[in-house]
Amino acid sequence: MIDDTRAKRNVAVLVAAQAFLGSQLPMMFVIGGLAGLQLSPNACLATLPISMIILGSMTTAPWLSPLMQKYGRRAGFVIGAAGGMMGASVCAYALTINSFLVFLLGSYMVGIYMSSQGFFRFAAADTASDAFRPKAISYVMAGGLISAIIGPQMVSFLSDGPDATVMRFFPVFIASMGLNLVGMLLFIFLDIPKPPVPTADSPRGRTRLELITSPRIAVAVICAMVSYALMNLVMTSTPLAVVGCGFAVADASNIVTGHVLAMFAPSFFTGHLIARFGVEKIMGLGIAILGAAGVVALQGVELGNFYVALILLGIGWNFGFIGATTMLTGAHAPHERGRMQGLNDLLVFGGVFIASLASGGLMNCAGSDAVTGWAAVNFAMIPFLTLAGGSLIWLVMRPRTETA
Numbered sequence: 004m005i006d007d008t009r010a011k012r013n014v015a016v017l018v019a020a021q022a023f024l025g026s027q028l029p030m031m032f033v034i035g036g037l038a039g040l041q042l043s044p045n046a047c048l049a050t051l052p053i054s055m056i057i058l059g060s061m062t063t064a065p066w067l068s069p070l071m072q073k074y075g076r077r078a079g080f081v082i083g084a085a086g087g088m089m090g091a092s093v094c095a096y097a098l099t100i101n102s103f104l105v106f107l108l109g110s111y112m113v114g115i116y117m118s119s120q121g122f123f124r125f126a127a128a129d130t131a132s133d134a135f136r137p138k139a140i141s142y143v144m145a146g147g148l149i150s151a152i153i154g155p156q157m158v159s160f161l162s163d164g165p166d167a168t169v170m171r172f173f174p175v176f177i178a179s180m181g182l183n184l185v186g187m188l189l190f191i192f193l194d195i196p197k198p199p200v201p202t203a204d205s206p207r208g209r210t211r212l213e214l215i216t217s218p219r220i221a222v223a224v225i226c227a228m229v230s231y232a233l234m235n236l237v238m239t240s241t242p243l244a245v246v247g248c249g250f251a252v253a254d255a256s257n258i259v260t261g262h263v264l265a266m267f268a269p270s271f272f273t274g275h276l277i278a279r280f281g282v283e284k285i286m287g288l289g290i291a292i293l294g295a296a297g298v299v300a301l302q303g304v305e306l307g308n309f310y311v312a313l314i315l316l317g318i319g320w321n322f323g324f325i326g327a328t329t330m331l332t333g334a335h336a337p338h339e340r341g342r343m344q345g346l347n348d349l350l351v352f353g354g355v356f357i358a359s360l361a362s363g364g365l366m367n368c369a370g371s372d373a374v375t376g377w378a379a380v381n382f383a384m385i386p387f388l389t390l391a392g393g394s395l396i397w398l399v400m401r402p403r404t405e406t407a
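Position one of the sequence shown corresponds to residue 4 (my numbering), numbered consecutively onward.
Just so you know, these hints were derived from the structure itself, not from any lab.
Warning: the hint list may mix true and false statements.
Below, in silico cross-link-like pairs of lysine-lysine (DSS-like), each with a Cα-Cα straight-line distance of 27 Å or less [what the hints assert, rightly or not]:
1. Lys197 / Lys11
2. Lys284 / Lys197
3. Lys73 / Lys197
Pair ranges (Cβ atoms, derived) [stated by the list, open to error]:
4. Arg211 / Leu390: 15 to 23 Å
5. Leu70 / Ala251: 21 to 29 Å
6. Ala295 / Ala251: 24 to 32 Å
7. Pro69 / Gly303: 32 to 40 Å
8. Ala251 / Leu301: 18 to 26 Å
9. Gly307 / Leu390: 42 to 50 Å
10. Thr375 / Asp133: 47 to 55 Å
11. Asp6 / Val185: 25 to 33 Å
12. Ile191 / Ile100: 34 to 42 Å
13. Glu213 / Trp397: 38 to 46 Å
All values derive from a computational prediction rather than experimental measurement.
Just so it is clear, CB atoms sit at the ideal spot from N, CA and C, and this is done for glycine as well.
Given only the sequences and the hints, what does the whole structure look like? Please build it.
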């Protein structure tokens with residue numbers, strides 16, 4: 004019988020890190036566009052701070068993954084927390100001098116943390132058995148439930164008051180610095196062995212081109228890109244749409260809370276569903292639910308529509324992204340993980356970066372008001388859902404020997 008004691012301990016540490024340290028990302032996604040709207044010289048650039056977070060994550064992944072392959076997961080995660088702390092401090096300073104450019108710099112540095120958090124799910128699989136792997140990934144993702152509560156509610160509490168200037172968000176960034184410090188302490192308890200140092204006789208593995216053209220890896224990356232990019236496209240626009248339709252910042256925070264809860268709550272059983280029904284079926288269900296979110300969002304701009312659409316968006320992301328991660332971890336060898344996981348996150352967050360850039364333009368500049376901008380955001384989902392669904396169907400229809 005395989006002993007997963009070490010894996011379960013690591014999962015517990017990573018769940019705690021996802022819960023507390025991860026709270027800074029919902030905080031940034033709630034206030035990034037709102038602060039950007041007040042700081043930026045053009046409303047079309049309002050969501051650029053969120054795009055800079057994604058850009059920071061995208062450009063960090065290619066060097067952070069090999070660094071962890073060489074020095075271990077703990078080193079990479081501590082670097083990520085340090086980046087998040089520095090980013091929060093720079094953003095806080097930007098508010099005091101009313102500088103959009105400095106705010107963008109701080110947002111980019113927060114992306115260093117976001118990149119490291121993206122590897123939590125892979126770290127959960129490092130010491131897990133084949134049977135425990137999908138559950139380990141799901142449990143770590145479930146830690147986001149607590150961050151879904153802590154993050155947006157801290158925004159509501161810390162930025163609540165009569166002050167309508169951008170300085171109302173200053174306490175939020177101070178709190179974010181504290182969360183990163185907690186994360187650094189948590190990683191002391193992580194017990195993931197460093198990968199063995201390669202020797203002349205060590206297997207070299209496939210090249211990046213060979214890896215990315217493998218059918219299962221290609222489809223896993225496509226589905227991960229689409230799931231994450233579309234989730235970010237819609238979520239980034241949501242606070243702007245909610246406030247633009249006449250509701251309060253507190254309403255936007257509560258809707259984002261519901262969305263992030265929906266992103267992570269299914270994680271308690273997603274791994275079990277994958278083990279029972281197969282990863283392809285769960286990924287397909289996730290893509291279908293993402294489509295349903297867009298349909299609901301296009302039915303109206305009442306609070307109920309926002310809540311239901313964003314909850315469906317979270318569930319669809321969970322099934323699609325965890326499914327894609329599970330498929331990817333089973334499609335490459337351990338000695339290929341530094342190469343493939345960094346490439347995967349470069350591509351995934353590259354797609355998310357483009358989506359976050361498009362989000363502000365679609366929301367603020369594609370229509371005459373918030374209603375038409377919101378509709379444009381949701382119509383933009385259609386071609387990418389078609390791509391993900393088509394690639395998954397293609398994979399399922401191929402002979403099993405070709406997809407292995």
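>> Taking 18 to 26 Å as the stated bounds, is the beta-carbon spacing between Ala251 and Leu301 within them?
In response: holds, 23 Å
>> A range of 24 to 32 Å was offered for this pair. Does it hold for the Cβ distance of Ala295 and Ala251?
In response: holds, 27 Å
> Straight-line Cα separation of Lys73 and Lys197 no greater than 27 Å?
Replying inline: Holds, at roughly 7 Å.
> Leu70 and Ala251, beta-carbon distance inside 21 to 29 Å?
Replying inline: violated, 43 Å
> Does the Cβ distance between Pro69 and Gly303 fall inside 32 to 40 Å?
Replying inline: violated, 48 Å
> Quick one: are Gly307 and Leu390 within 42 to 50 Å, going by C-beta?
Replying inline: violated, 30 Å
> Is it true that the C-beta distance of Asp6 to Val185 lies inside 25 to 33 Å, as the hint says?
Replying inline: Holds, since Asp6 and Val185 (Cβ atoms, about 30 Å apart) stay within the stated range.
> For the pair Thr375 and Asp133, does the Cβ-Cβ distance stay inside 47 to 55 Å?
Replying inline: holds, 49 Å
> Under the criterion that the straight-line Cα-Cα distance not exceed 27 Å, is the pair Lys284, Lys197 satisfied?
Replying inline: Roughly 34 Å between the alpha carbons, so the hint for Lys284 and Lys197 is violated.
>> Please check whether Glu213 and Trp397 have a Cβ separation lying inside 38 to 46 Å.
In response: violated, 19 Å
> How does the Cβ-Cβ distance of Arg211 and Leu390 compare with 15 to 23 Å: does it lie in that range?
Replying inline: holds, 21 Å
> Quick one, are Lys197 and Lys11 close enough, alpha carbons at most 27 Å?
Replying inline: holds, 18 Å
Going through the hint list in order, the structure does not satisfy hints 2, 5, 7, 9, 13.
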